[in-house]
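Put chains B and C on the given structure of chain A with help from the hints.
Protein chains in written order, with our numbering: chain A, 1 to 180; chain B, 1 to 634; chain C, 1 to 101.
A few of these clues could be false.
The following residues of chain A were derived to be distant from chain B, with all beta-carbon distances above 12 Å [unchecked claim]:
(1) L12
(2) V22
(3) W60
(4) G69
(5) L106
(6) E158
(7) K177
Covered stretches of chain C (in silico footprint by chain A; criterion: 3 or more residues with CB under 8 Å from a CB of chain A, positions within the stretch not fixed) [unchecked claim]:
(8) 22-28
(9) 49-60
Residues from chain C that face chain B, not an exhaustive set, calculated with beta carbons under 8 Å [stated by the list, open to error]:
(10) I81
(11) I84
(12) T94
(13) L98
I should point out that these hints are in silico values taken from the structure, not numbers from a laboratory. Glycine is no exception: its CB is placed at the ideal position from the N, C-alpha and C atoms.
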Amino acid sequence: MSGAASLMEVALFAVLALVAIVAALVVITHRHPVYSALCLVITMLSIAFLFLLLRSEFLWVMQITVYAGAVMVLFLFVIMLLDLRREERPWRFPENRLQVGVGTLLALALVAELIVMAVAVRLPGGAGGGISPEVVAAQGHTQLLGRLLYTEYVFPFEVTSVILLVAIVGAMVLAKKRVE
Amino acid sequence: MPDLIWLVPGFPLLGFLVLVFGGRRMPRRAAGAVACAAAGLALVYALGALAFLLRQPADARRVTVALAPWIRAGNLDVSWGFLLDPLSAVMILVVTGVGFLIHVYSVGYMGDDRDYPRFFAYLNLFMACMLMLVLADNYLVMFLGWEGVGLCSYLLIGFWYEKQSASDAGKKAFIVNRVGDAGFLLALFLIFHTFGSLDFDSVFGQAVTRLDPGGLVAVLIALGLFVGATGKSAQLPLYVWLPDAMEGPTPVSALIHAATMVTAGVYMVARSSALFDMAPGVLLLVAVVGALTAVFAATIACVQNDIKRVVAYSTISQLGYMFLGCGVGAYASAVFHLGTHAFFKALLFLGAGSVIHALGGEQDIRKMGQLRKKLPITRATFLLASLANAGIVPLAGFWSKDEILAAAFGGHHYLLWALGSAGALLTAFYMFRLYYTVFEGKDHVDRHAAHHVHESPPVMAYPLIALAVGACGVGIIFGFPPDHGLYHRFVAPAFGGAAVHEIGTGTTVGLALVATIIALAGIALARAWYRTGAHPAPSRVAERYRGLYTTLVNKYWVDEAYDAAVVEPIRRGSVRLWKAFDEAIVDGMVNRVGDWVQGWAAGLGRFQTGSVPTYVLSFLVGAVAVLGYFLLAR
Amino acid sequence: MAVGLPAYLVLAAILFVIGVAGVVTRRNILIIFMSVELMMNAVNLTFVAFSSFLRALDGQVFVFFILVVAAAEVVVGLAIIYAIFRHRETVDVTDMNLMKG
Numbered sequence: 001m002s003g004a005a006s007l008m009e010v011a012l013f014a015v016l017a018l019v020a021i022v023a024a025l026v027v028i029t030h031r032h033p034v035y036s037a038l039c040l041v042i043t044m045l046s047i048a049f050l051f052l053l054l055r056s057e058f059l060w061v062m063q064i065t066v067y068a069g070a071v072m073v074l075f076l077f078v079i080m081l082l083d084l085r086r087e088e089r090p091w092r093f094p095e096n097r098l099q100v101g102v103g104t105l106l107a108l109a110l111v112a113e114l115i116v117m118a119v120a121v122r123l124p125g126g127a128g129g130g131i132s133p134e135v136v137a138a139q140g141h142t143q144l145l146g147r148l149l150y151t152e153y154v155f156p157f158e159v160t161s162v163i164l165l166v167a168i169v170g171a172m173v174l175a176k177k178r179v180e
Numbered sequence: 001m002p003d004l005i006w007l008v009p010g011f012p013l014l015g016f017l018v019l020v021f022g023g024r025r026m027p028r029r030a031a032g033a034v035a036c037a038a039a040g041l042a043l044v045y046a047l048g049a050l051a052f053l054l055r056q057p058a059d060a061r062r063v064t065v066a067l068a069p070w071i072r073a074g075n076l077d078v079s080w081g082f083l084l085d086p087l088s089a090v091m092i093l094v095v096t097g098v099g100f101l102i103h104v105y106s107v108g109y110m111g112d113d114r115d116y117p118r119f120f121a122y123l124n125l126f127m128a129c130m131l132m133l134v135l136a137d138n139y140l141v142m143f144l145g146w147e148g149v150g151l152c153s154y155l156l157i158g159f160w161y162e163k164q165s166a167s168d169a170g171k172k173a174f175i176v177n178r179v180g181d182a183g184f185l186l187a188l189f190l191i192f193h194t195f196g197s198l199d200f201d202s203v204f205g206q207a208v209t210r211l212d213p214g215g216l217v218a219v220l221i222a223l224g225l226f227v228g229a230t231g232k233s234a235q236l237p238l239y240v241w242l243p244d245a246m247e248g249p250t251p252v253s254a255l256i257h258a259a260t261m262v263t264a265g266v267y268m269v270a271r272s273s274a275l276f277d278m279a280p281g282v283l284l285l286v287a288v289v290g291a292l293t294a295v296f297a298a299t300i301a302c303v304q305n306d307i308k309r310v311v312a313y314s315t316i317s318q319l320g321y322m323f324l325g326c327g328v329g330a331y332a333s334a335v336f337h338l339g340t341h342a343f344f345k346a347l348l349f350l351g352a353g354s355v356i357h358a359l360g361g362e363q364d365i366r367k368m369g370q371l372r373k374k375l376p377i378t379r380a381t382f383l384l385a386s387l388a389n390a391g392i393v394p395l396a397g398f399w400s401k402d403e404i405l406a407a408a409f410g411g412h413h414y415l416l417w418a419l420g421s422a423g424a425l426l427t428a429f430y431m432f433r434l435y436y437t438v439f440e441g442k443d444h445v446d447r448h449a450a451h452h453v454h455e456s457p458p459v460m461a462y463p464l465i466a467l468a469v470g471a472c473g474v475g476i477i478f479g480f481p482p483d484h485g486l487y488h489r490f491v492a493p494a495f496g497g498a499a500v501h502e503i504g505t506g507t508t509v510g511l512a513l514v515a516t517i518i519a520l521a522g523i524a525l526a527r528a529w530y531r532t533g534a535h536p537a538p539s540r541v542a543e544r545y546r547g548l549y550t551t552l553v554n555k556y557w558v559d560e561a562y563d564a565a566v567v568e569p570i571r572r573g574s575v576r577l578w579k580a581f582d583e584a585i586v587d588g589m590v591n592r593v594g595d596w597v598q599g600w601a602a603g604l605g606r607f608q609t610g611s612v613p614t615y616v617l618s619f620l621v622g623a624v625a626v627l628g629y630f631l632l633a634r
Numbered sequence: 001m002a003v004g005l006p007a008y009l010v011l012a013a014i015l016f017v018i019g020v021a022g023v024v025t026r027r028n029i030l031i032i033f034m035s036v037e038l039m040m041n042a043v044n045l046t047f048v049a050f051s052s053f054l055r056a057l058d059g060q061v062f063v064f065f066i067l068v069v070a071a072a073e074v075v076v077g078l079a080i081i082y083a084i085f086r087h088r089e090t091v092d093v094t095d096m097n098l099m100k101g
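Next comes chain A alone, as it looks inside the complex (with noise of 0.2 Å):
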């Protein structure tokens, strides 16, 4: 690859690395519910990029349209319904002190295995399952991905779909007003 291309791409990585990290943070800070999942799109739109730069394109555009566009619209509108106000910080509450402490100790700790675990990955050596880059750009990345997904996977597939159907009842019964 020549150093450009692959220059562009730390530097690409490097910020959408930087704006997932900082607006995952105020997602998690934040007081206000609507300020988090705003950032929260953010986040999400930065994934869809490095989604593309790992060239899974049709990841990136179903992660735009249906995580960012679909299922944070419908917090967004849940969240203006019950109309809620700001939040108080965690810390303030004694009670919940312990358990913040805590909390916070722990997932340093544990991103801190993570790390040590994710660079010693090393990878097998060879062909892998074969998909190249160049076959995808060949073949088209919807096509081999859809390919894949009516053969070997098509028995999930229809369960899922059997999940929205079920997602779709469940929720129009749980949001019904009973009837008095």
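What follows is chains B and C alone, placed relative to chain A:
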């Protein structure tokens, strides 16, 4: 024929089963009929068994029938076995004969009772158990029958269980019997340990070889058996249940506590004669206890005012004579007295029942009198029975009691003979005190009851007459001449020809004469004091010997002594155990376990905060730990 | 590829832990829910990264499914939250402790 010997207890057992399951569903009279039929059939078979035996030559009159194995465990091999020999033949005849008559009598006596079928069911069950007891060919089947009759005694004494005194009396009978049974069981264990078997044939056959005469084992076995007999046959010191047993219906008293169950002890001792012969010391003890009991009970009978109590103490006294007979080696005579006694004592009880029935339930003799005109049959039979009990020739009691006393005398047990004779004097006295007070003397009958006084109906009168015939004739027909009559010749092989001291004819006649004079003296005194009911002597004597009189009326305070020495301490101990142990320790432990579990539940429950973030925190802890382990383990 | 696999994995790890911290720390149930979504996104990233470097599309199929299921889950979860809110006028998890004890 002998193969069917099991039918003798079998019929009453069948009767019991029919009545237990169907008694309430059949018309009343049918229940009585079923029971009487069962008893009657048993009697018929018993007669058949006797006929069979008589057809055999005299030295071959012994049949064992093993129906089926019962227990086979290690060395213990016990079968449902029956033994038919002269001794058991006599016993089954007595039991079925008197038993059948009492069944018939009960149809009339219990006619108005609410629980009529239940009564007859128990009565049949009793007959079955008693017959099994006397027909057993091994100690375990005998013990089964033994326990069975104890159970029936409890059930029948407490028949009117809603009456507190009746159910108490039933319990007392059962518990006191149990004490005796403990001795019996210990003896059984020793027998099995020594002989390796419980079969009569094995045990008695090897008695001479395996036991040292007078040795510890022999003494313990005989003693244990005798303790059991003491309980069942109401001798000192385990007699206290029998007077209380009068709470039961009168036919029960007649059958169980006069003619049959109480004689089981005598039968058992007689059957085990081979064992007792190996422990002469115990035999002497048997005789002494028997004689003492005879006199002791007779003294109490002299002052009792309840018609049934007098007869009850009389029974205890006469049982004492039977044991006296066994103790001096005259087993056959003892069993003979058992037979004659069954007739006249049952008759006395049934006669008393007749009186009570006529007076609408009155049992206190001070409220009777002059009944001879209104109850002629009852009076006549009662008189005959009293004469028989007192031992007046030629009635039944004379022959059997006299043999026993003669055996005592002939065996040089002069003190025992004297005690026995003193008892005879008292017997004559109290029997006729009773007779004269009830049937003659002054009329103290309650005015209201007097209107209803009537003789018993035929169904009650005929058994009285039948028993009276027996009381008169059985003695002389089977017992003459003494020790050599039909009875003795029939029964002797069963006792292996135990040596009874032969006494000369002159001595025999002399002793008989003495006995008759003693009896007549007793009757004369009673006649003088009680015939008119107005004689001052009884009350004056009671006044003058006030201490003695009170002691006798209170039965020597024996019941009170037992209460204080045994019953109360046990009761108090039980309460203490209950409070200190059951409540404090056992309940405490259980409660503490419960509290401990609850403590854990409460403590562990605090993990259930209901807050999801907390749960996630626990996941986190787990995840960090697991990952950490994997990382560090590399 | 210039950016190696570890880089993506580390990023995903960081995002994941941030999500965990959010779940543990916050009291508003919607924020908690969003943190869960964040965690799922991090997982998706991991899957796609591996799929790319192992040159097999199976990982991405998984992501596809995760996406679908996450969508369904959000729908139902929000419906539940809405129902709770209607009942109790609160979205504070410390008030939702009926399962306590």
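Here is how each hint holds up against the structure:
1. L12: holds (30 Å)
2. V22: holds (23 Å)
3. W60: holds (30 Å)
4. G69: Holds, since 28 Å exceeds 12 Å.
5. L106: For L106 (chain A), whose nearest Cβ neighbour in chain B is about 5 Å away, the distance does not exceed 12 Å, so it is violated.
6. E158: Non-interface label on E158 (chain A) holds, nearest chain B Cβ at 31 Å vs cutoff 12 Å.
7. K177: holds (26 Å)
8. 22-28: holds (count 6)
9. 49-60: Contact hint for the segment 49-60 of chain C vs chain A: holds, 10 residues under 8 Å.
10. I81: Nearest chain B Cβ about 12 Å off; hint violated.
11. I84: violated (12 Å)
12. T94: holds (6 Å)
13. L98: Holds. Min distance 6 Å.
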